[in-house]
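Using the sequences plus the hints, can you model the full thing?
Each chain, letter by letter, is given below.
There are 2 protein chains.
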Amino acid sequence: MKIGVLGTGVVGETIGAKLVALGHEVKISGRAPVNDKAIAWAAKVGAKASYGTFAEAAAFAELVFNCTKGEGAVDAVRAAREGLSGKILVDVTNPLDFSAGFPPTLFVSGTDSLGERIQREVPEAKVVKALNTINCNVMVDPARLGGASDVFVSGNDAEAKATVSRFLCEQFGWKEVVDLGDITTARGTESYLPLWIRLMSALKTADFNVKLVRS
Amino acid sequence: MKIGVLGTGVVGETIGAKLVALGHEVKISGRAPVNDKAIAWAAKVGAKASYGTFAEAAAFAELVFNCTKGEGAVDAVRAAREGLSGKILVDVTNPLDFSAGFPPTLFVSGTDSLGERIQREVPEAKVVKALNTINCNVMVDPARLGGASDVFVSGNDAEAKATVSRFLCEQFGWKEVVDLGDITTARGTESYLPLWIRLMSALKTADFNVKLVRS
Chain A
69 MKIGVLGTGV
79 VGETIGAKLV
89 ALGHEVKISG
99 RAPVNDKAIA
109 WAAKVGAKAS
119 YGTFAEAAAF
129 AELVFNCTKG
139 EGAVDAVRAA
149 REGLSGKILV
159 DVTNPLDFSA
169 GFPPTLFVSG
179 TDSLGERIQR
189 EVPEAKVVKA
199 LNTINCNVMV
209 DPARLGGASD
219 VFVSGNDAEA
229 KATVSRFLCE
239 QFGWKEVVDL
249 GDITTARGTE
259 SYLPLWIRLM
269 SALKTADFNV
279 KLVRS
Chain B
69 MKIGVLGTGV
79 VGETIGAKLV
89 ALGHEVKISG
99 RAPVNDKAIA
109 WAAKVGAKAS
119 YGTFAEAAAF
129 AELVFNCTKG
139 EGAVDAVRAA
149 REGLSGKILV
159 DVTNPLDFSA
169 GFPPTLFVSG
179 TDSLGERIQR
189 EVPEAKVVKA
199 LNTINCNVMV
209 DPARLGGASD
219 VFVSGNDAEA
229 KATVSRFLCE
239 QFGWKEVVDL
249 GDITTARGTE
259 SYLPLWIRLM
269 SALKTADFNV
279 KLVRS
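Chains A and B are the protein sequences, given in the same order. If you read the first sequence in this note's numbering, its first letter stands for residue 69, the second for the next number, and so on. If you read the second sequence in this note's numbering, its first letter stands for residue 69, the second for the next number, and so on.
Some hints here could point you the wrong way.
Since copy identity is lost for identical chains, a pair holds within one copy or between any two.
[What the hints assert, rightly or not] Heads up, simulated DSSO-like pairs for lysine-lysine below, C-alpha to C-alpha not over 27 Å straight-line:
| hint | residue 1 | residue 2 |
| --- | --- | --- |
| 1 | Lys279 | Lys155 |
| 2 | Lys272 | Lys243 |
| 3 | Lys279 | Lys105 |
| 4 | Lys279 | Lys243 |
| 5 | Lys279 | Lys116 |
| 6 | Lys272 | Lys155 |
| 7 | Lys155 | Lys243 |
| 8 | Lys279 | Lys70 |
| 9 | Lys272 | Lys116 |
| 10 | Lys70 | Lys272 |
| 11 | Lys112 | Lys243 |
| 12 | Lys112 | Lys279 |
| 13 | Lys105 | Lys243 |
| 14 | Lys272 | Lys105 |
| 15 | Lys112 | Lys272 |
Honestly, the hints are just simulated from the structure, not real lab data.
So, in structure tokens, the structure goes:
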């Protein structure tokens, strides 16, 4: 499958490398037409990895992951808008504001979310918020944890959510995907980040996740 | 043990009834000197239950639970301030704002929390934020869920957190209490509420909690 990844940070590179290892063709992407670091990364990952602009990655792909930093997420999807039309955009971003240092706050919360802003920016794309509650090493390898845990999806298109849920299970090895509802439920998973950050500090590792326990 | 409960809603009554069942003397409390509904509730629960004002419950108690609605939480501890001096105040509240309907937003978040506001209001008390990530039926009976799950504490006084953690395990049956750090980490657990609310809607039950899964 041809997959586009917006963002050349550690999340984009981790997801990109996993997808190439699974046999997919992956174009990671940034704002600039040339990004020497990302081009070198793609060369190292293998022949099925390449680098392009946000617009080129979206045009190339059948499925797109948005792994940009939160502050650049809306700009990135705006640049990729034409290529995203009709496609599923898995939005992994979080609205983290590090401008006052650590711990970060959220630059959007309450009655809006970054997932909703992105869906409004590219109404022709099917945005599925997913994976934003987990460190990237766990995103692509949930079995590295000492037991099954949960991942959540939010989005307005039921078929797109089902496709992404199947993809997460079949490709990344997730056992259970919890459908929270429409894209407004991204407010929930994004709002969890301040707890995730405190848990990371208390547990002294990013290698963790939560499992829902029910009656 | 003599225990005070601020608040006469479902959370206060559930915790109060459990504490009486465990053999403690419990004074639940509200703003008004007389609250016929709460007085009737205390009479029903048994001889070890009584009703008083916030100030009377705090003066009576060795340990106090703050189970008020978030919007009234700071006023309640202000009214109880003298009696709270030197005591542990377990703060169960959440800053939920239902003024625009469901789902609620948070009336404090980001670089502050309701737990911190309460600690600032009663600096002579040892505030331990706890149990605010869980429905009250699960708070007092974690075994009702289909497996072990986690509860969190935040507070500035290490000894008070250790005392509350022991109390939660020995009295309510919790197996594990995760110490998140000082009272600023209440920002984390309070910020989780928007996800908790979406999970409640998706799972169609409030009878759930999360368990941390680590590598």
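When the structure is checked against the list of hints, which entries are broken? Sort them ascending.
1, 3, 5, 6, 8, 9, 10, 11, 12, 13, 14, 15
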